[in-house]
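Turn these sequences into a full structure, and let the hints steer you where they fit.
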Amino acid sequence: AQRVTQPEKLLSVFKGAPVELKCNYSYSGSPELFWYVQYSRQRLQLLLRHISRESIKGFTADLNKGETSFHLKKPFAQEEDSAMYYCALFSNTGKLIFGQGTTLQVKP
Amino acid sequence: DTEVTQTPKHLVMGMTNKKSLKCEQHMGHRAMYWYKQKAKKPPELMFVYSYEKLSINESVPSRFSPECPNSSLLNLHLHALQPEDSALYLCASSQEWANYEQYFGPGTRLTVT
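Chains A and B supply the protein sequences, listed in that same order.
For the first sequence, my numbering assigns the number 1 to the initial residue and increments by one for each residue that follows.
For the second sequence, my numbering assigns the number 109 to the initial residue and increments by one for each residue that follows.
Hints are computed from structural coordinates only; laboratory data are not their basis.
A couple of the hints might just be wrong.
Pair ranges (Cβ atoms, derived) [as the list claims (entries may be wrong)]:
id, chain 1, residue 1, chain 2, residue 2, range
1, A, S26, B, S173, 30 to 36 Å
2, B, S167, A, T103, 27 to 33 Å
3, A, I51, B, E175, 30 to 36 Å
4, A, L46, B, E152, 17 to 23 Å
5, A, S52, B, S167, 32 to 38 Å
6, A, P75, B, S163, 36 to 42 Å
7, A, P108, B, S173, 44 to 50 Å
8, A, S55, B, M123, 21 to 27 Å
9, A, I56, B, S173, 34 to 40 Å
10, B, A206, A, P75, 31 to 37 Å
11, B, T124, A, S52, 43 to 49 Å
12, A, T68, B, S173, 23 to 29 Å
13, B, R217, A, R3, 43 to 49 Å
If the Cβ cut is set under 8 Å, some of the chain A residues that face chain B in the computed set are [unchecked claim]:
id, residue
14, E32
15, Q45
16, L63
17, K65
18, K73
19, F98
20, G99
21, G101
This one's a predicted model, so the numbers in the text were calculated from it and none came from an experiment.
Positions of the beta carbon are idealized from the N, C-alpha and C atoms, including for glycine.
Right, dumping it as structure tokens:
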């Protein structure tokens with residue numbers, strides 16, 4: 001079965017602390033993985049996708065096929081990073097499968 | 109224009125009403141999607157249109173009826189909804205129906221009374 005797991009519902013850190021949002025996937029073959037972010041009262045938007053290897057707003061994510069993970073990292077969290085983060089997998093049936101999401105709360 | 113727009117922003121309807129949600133994009137995308145999102149949950153795929161043809165229907169009840177009149181426009185016709193259908197309905201589009209970035213609209217907040 002193709003699945004995305006985000007084990008943490010809520011991650012709370014202080015401003016300036018490192019952040020790691022976990023994402024594990026289940027997929028046979030080469031996965032196409034994405035991180036989407038939903039700020040309060042804003043639309044869902046793409047943060048990054050693994051094939052582009054770009055760093056957006058200081059966030060990076062590395063695909064680890066051995067551990068089937070695609071964790072999202074940022075070295076120094078900012079208050080404006082507080083949002084809901086979804087890891088997503090593009091399945092071989094043409095669907096974008098989302099994880100349950102992790103709420104990131106950055107405290108001042 | 110690099111945005112997906114959705115109208116209306118909010119909709120309240122009774123269980124006997126008929127209403128429609130509208131989605132528009134002018135990015136030349138050939139795939140369009142409807143998702144349903146409940147509070148603090150991920151979006152759930154409802155329908156996929158590729159080149160104006162329905163490609164995926166995720167066993168959605170027939171009280172939801174999608175329509176793609178042209179490559180820029182996607183509608184969702186609603187009839188005889190139930191209170192549990194209250195949710196945020198998101199439209200998205202992508203260049204093709206493949207692993208391209210999906211651009212999401214702001215959603216229509218639907219309340220069924």
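Hint check results:
1. About 33 Å separates the C-beta atoms of S26 (chain A) and S173 (chain B), a value consistent with the hinted range of 30 to 36 Å.
2. At about 29 Å, the beta-carbon gap between S167 (chain B) and T103 (chain A) stays in the expected band of 27 to 33 Å.
3. Take I51 (chain A) and E175 (chain B): their Cβ atoms lie about 33 Å apart, and the range 30 to 36 Å holds.
4. Restraint check, L46 (chain A) to E152 (chain B): a C-beta distance of roughly 18 Å satisfies the suggested window 17 to 23 Å.
5. Judged by the Cβ atoms, the range 32 to 38 Å given for S52 (chain A) and S167 (chain B) holds: they are separated by roughly 33 Å.
6. One distance hint, 36 to 42 Å for the beta-carbon pair P75 (chain A) and S163 (chain B), holds here, with the actual separation near 41 Å.
7. For the pair P108 (chain A) and S173 (chain B), the supplied restraint of 44 to 50 Å holds, since their beta-carbon distance comes to about 48 Å.
8. As the Cβ distance of S55 (chain A) to M123 (chain B) is approximately 48 Å, the hint placing it in 21 to 27 Å is violated.
9. For the hinted restraint 34 to 40 Å between I56 (chain A) and S173 (chain B), the CB-CB distance of approximately 37 Å keeps it satisfied.
10. At roughly 33 Å, the beta carbons of A206 (chain B) and P75 (chain A) sit within the given window of 31 to 37 Å.
11. Taking the beta carbon of each, T124 (chain B) and S52 (chain A) are about 48 Å apart, inside 43 to 49 Å as hinted.
12. Between T68 (chain A) and S173 (chain B), the C-beta spacing of about 38 Å breaks the proposed range 23 to 29 Å.
13. At roughly 29 Å, the beta-carbon separation of R217 (chain B) and R3 (chain A) lies outside the given 43 to 49 Å, and the hint is violated.
14. Contact between E32 (chain A) and chain B, as hinted, is supported at the beta carbon level, the nearest pair being about 4 Å apart and thus within 8 Å.
15. Interface hint status for Q45 (chain A): upheld, as the beta-carbon distance to the closest one in chain B is roughly 7 Å, under 8 Å.
16. For L63 (chain A), the suggested interface contact is broken, since its CB lies about 14 Å from the closest CB of chain B, more than 8 Å.
17. Violation of the interface hint for K65 (chain A) is found here, the shortest Cβ-Cβ separation to chain B being roughly 17 Å, above the 8 Å cut-off.
18. A hinted interface residue such as K73 (chain A) counts as satisfied when its beta carbon comes closer than 8 Å to some beta carbon of chain B; here the least separation is about 21 Å, so the hint is violated.
19. Hint status for F98 (chain A) relative to chain B: holds, with the closest Cβ pair at about 4 Å, below 8 Å.
20. Interface restraint check for G99 (chain A): the shortest CB-CB distance to chain B comes to about 7 Å, inside 8 Å, so the restraint holds.
21. A distance limit of 8 Å between C-beta atoms decides the matter here; for G101 (chain A) the minimum to chain B is near 6 Å, and the interface restraint holds.
Consistency note: the structure conflicts with the earlier hints numbered 8, 12, 13, 16, 17 and 18.
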